[in-house]
Amino acid sequence: MIHYIIRRFLYAFPLLMGVNILTFVLFFIVNSPDDMARMQLGQKHVTEQAVSNWKQQHGYDEPLLWNANAQGEEKITRTIFYQKSVGLFLFRFGVSDSGRNIGADIQERMWPSLALALPTLCVGLLIDISFALMMVLFRSSYLEHAGIVLCVILMSISSLFYIIGGQFFIAKLLRLVPISGYDDGLAAIKFLILPVLIGVFSGVGSSARWYRTLFMEEVEKDYVRTARAKGLTETQTLFRHVLRNALIPILTGVVVILPLLFMGSLIMESFFSIPGLGSYTIDAINSQDFAIVRAMVFLGSVLYVVGLLLTDISYTLVDPRVRLS
Amino acid sequence: MVVLWTDALIFILCFGVLGIAFFLRGKEHIKRPLQKIVHSKVGMASLVALLFFVLIGLLDSVHFKPANNKSNEIISLLDYWATPLREHGEKTYSAPFAATLFSKEMMTLADGTTQWGYPRLDFGGRHLDDPETQHLPDVLKKTVYGLAQGVCLFGIIMLCCLGIRRIWQGEKRQAFFLSATAKSVWAVVFIIVPLSYALIYLSAYYHVFGTDKVGEDVFYQAVKSIRTGLVLGTLTTLIMLPMAIIFGILAGFFRGWVDDVIQYIYTTLNAIPSVLLIAASILMVQVYMANHEQDFTSVIVRADMRLLFLCLILGVTNWTGLCRLLRAETLKLREMEYVQAAQALGVKQSMILLRHILPNVMHIVLISVVLDFSSLVLAEAVLSYINIGVDPTTYSWGNMINGARLEMAREPIVWWSLSAAFVFMFALVLAANLFADTVQDAFDPRRSGG
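Residue numbers (my numbering), protein chains in the order written: chain R, 3 to 327; chain D, 27 to 476.
It is worth saying that the hints were derived from the structure and are not from the lab.
Positions of the beta carbon are idealized from the N, C-alpha and C atoms, including for glycine.
Among the clues, some could well be false.
To be verified - Short, incomplete list of chain R residues facing chain D, as computed with Cβ under 7 Å:
| no. | residue |
| --- | --- |
| 1 | Gly20 |
| 2 | Leu28 |
| 3 | Val32 |
| 4 | Ser158 |
| 5 | Leu162 |
| 6 | Leu268 |
| 7 | Ile284 |
| 8 | Val299 |
| 9 | Pro322 |
Given the sequences, and given the hints that come with them, work out the whole structure.
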């Protein structure tokens with residue numbers, strides 16, 4: 003087990019290296035620092051002087067990969083690749099193009115993201131599973147049919163409409179909660195209720211339908227028939243046998259996204275102006291702040307790799323048939 | 027005639043689908059799932075609705091430069107037929123079916139005095155002499171009139187079909203023509219034909235869905251957006267399919283280092299948050315376009331290039347899921363007896379891949395193509411909201427929502443842009459979801475029993 007985890011950690015390294023090189027190619031080679039400077043300073047009427055000043059200020063005035071003018075090991079270290087990309091491995095995110103410390107920003111902003119994403123996940127999971135179980139309990143009846151139709155309808159509506167509709171009816175017409183905003187500590191709850199509710203609601207359609215198929219696959223298996231033959235009632239078989247076995251794929255599906263919760267939900271945070279990492283990313287995209295985007299790409303891929311590792315481990319914990327080697 | 031990049035790809039796709047259909051006609055193993063789709067009420071009904079959308083999309087994909095036009099404008103066949111809609115712009119917002127503007131203005135009367143009130147629209151309800159009294163009866167009258175004409179048109183279509191069937195087909199087909207599936211198809215046609223006829227008829231007199239901030243007809247915008255949605259939903263999969271199929275099958279079949287490399291590639295791509303990858307690439311395209319302005323002479327060419335590029339990037343971020351599925355399936359298939367037998371008989375590996383593996387994973391490809399379609403249409407709206415979707419000048423539901431969102435704070439609220447985008451998007455995505463369900467039921471061997 004320990005060996006396996008160590009090996010997976012070593013495997014993560016080339017993966018992150020790949021991500022790093024890919025983002026480097028995207029941000030520096032295809033899209034040269036000159037282009038970036040022009041974009042930041044305004045497209046037209048930019049003098050060469052202004053461009054080189056901007057590059058100097060933000061540290062983009064070095065060669066990309068190989069500094070022929072420098073001495074010794076500085077040939078490698080005094081390049082954009084070394085200064086901007088290698089530092090990410092040590093979680094040194096550097097300074098954004100607007101001059102703020104990215105690492106500090108991320109640390110500050112990940113808590114609101116988590117405060118929004120974690121309740122959404124938990125409540126959502128609870129509701130999705132109970133909805134799916136209800137459908138399975140009343141299977142091949144009109145109730146199940148209505149449930150499936152409802153799911154398809156719910157998943158055919160864009161999440162944007164859920165957000166706009168929720169903000170309009172609950173916050174603006176009924177005035178139950180504030181439309182948007184955020185506060186520190188417990189005062190944040192009243193700002194978080196609506197986004198969590200909408201987040202849960204917009205996910206119900208597809209997840210409940212997916213969980214239903216998982217349950218239905220289990221229901222037809224032999225051990226369930228045995229359980230029924232043994233004299234257990236339908237609800238007992240569902241909760242004791244079907245639910246437990248179907249939880250394996252559900253749990254592992256959830257574990258993958260657990261680390262990514264820190265990244266926050268882009269749309270939700272920017273609509274409700276919650277100062278999390280999601281809205282941070284959107285702001286960076288809109289203001290074309292490449293340093294932040296690069297940092298977020300790296301952070302996202304690290305969390306993804308952690309998620310993969312956690313999935314593998316959780317498989318062995320919940321399913322004794324799986325052995326890691 | 028001007029052929030844009032996406033137009034060309036769409037027509038290639040159409041001919042490709044027709045060609046494959048021609049090639050597979052009468053093949054026994056494909057007949058059974060097709061029969062299942064044909065006998066599914068929901069499936070056929072949603073297919074008809076989808077075809078209706080596709081028809082509009084295709085009409086909107088035939089671009090040309092009008093002959094009597096001085097400007098460098100490129101329009102499509104749909105634009106040509108909707109010329110009145112396109113050119114009947116108002117000054118600013120007006121509500122659906124309104125005869126006056128949405129907000130009060132200072133207006134000059136005929137006798138030279140000025141007055142504070144709602145000015146009449148330039149085009150919507152222009153035929154009315156006195157909007158105060160005539161407006162509502164006229165709207166009702168025109169709606170009933172349009173619907174009645176639509177129903178008549180439907181009746182004519184139905185009679186024609188009946189006549190053709192009677193001449194051409196035998197007894198058995200007759201029975202099918204009156205089956206439950208046929209009834210559901212006719213029901214959908216009965217909704218679509220009169221409704222669209224009435225909408226077209228009414229839009230000659232009123233702005234059926236109102237006008238937006240710059241006075242453009244919202245109905246026209248929503249109809250134009252259909253093409254954008256369809257292009258994104260179909261071309262993206264077209265672009266990703268070759269990559270996913272080749273990599274997936276190779277990884278599963280050869281295993282070893284090929285498998286390792288391919289797995290490494292798709293895990294790396296998966297690890298990058300897809301929104302950020304799309305954002306980075308779109309920013310890149312913007313820079314490229316800004317530096318090569320001379321290559322993009324017309325707005326529509328520029329917007330089209332960006333649309334195509336968005337498809338490309340969505341394809342790059344989306345192919346990994348299908349690739350993984352295909353790899354797993356190929357891993358299973360290569361241990362099957364018939365593949366082993368082929369290997370034992372000395373069939374070349376490329377032949378095994380082509381003749382034995384590829385046809386047997388095709389059902390997974392088909393299912394994932396139809397399943398992806400609706401999620402791509404939905405994704406477009408979200409991406410346009412973050413400004414990394416289609417070009418702001420392209421008509422798309424995402425852009426409509428984005429424009430209307432800022433007006434939600436207005437009092438009274440401007441709701442029609444959002445509603446129009448909602449209705450059209452919901453209809454397309456719902457039809458696509460229902461059809462995808464039917465296809466999955468028909469082609470997925472695991473679900474055929476249940």
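Status of the hint placing Val32 (chain R) at chain D (closest C-beta pair under 7 Å): Holds: closest Cβ of chain D sits about 6 Å from Val32 (chain R), inside 7 Å.
Hint status (Cβ of Gly20 (chain R) to nearest Cβ of chain D, threshold 7 Å): Nearest chain D Cβ about 4 Å off; hint holds.
Closest C-beta approach of Leu268 (chain R) to chain D relative to 7 Å, hint status: At 6 Å from the nearest chain D Cβ, Leu268 (chain R) passes the 7 Å test, so the hint holds.
Status of the Ile284 (chain R) interface restraint (C-beta, 7 Å, chain D): Because about 6 Å separates Ile284 (chain R) from the closest Cβ in chain D, which is inside the 7 Å limit, the hint holds.
Supplied contact hint for Pro322 (chain R), tested at 7 Å Cβ to chain D: 23 Å, violated
Hint check: 7 Å Cβ-Cβ cutoff, Leu28 (chain R) to chain D: Check passed: Cβ of Leu28 (chain R) comes within 5 Å of chain D, closer than 7 Å.
Hint check: 7 Å Cβ-Cβ cutoff, Ser158 (chain R) to chain D: It holds, given that the least Cβ distance between Ser158 (chain R) and chain D is near 4 Å, below 7 Å.
Minimum beta-carbon distance criterion (7 Å), Val299 (chain R) to chain D: Interface hint status for Val299 (chain R): holds (5 Å vs cutoff 7 Å).
Restraint satisfaction for Leu162 (chain R) [CB to CB of chain D, less than 7 Å]: Hint on Leu162 (chain R): holds, closest Cβ of chain D at ~5 Å, below 7 Å.
Violation of the numbered hints given earlier is confined to hint 9; every other hint is satisfied by the structure.
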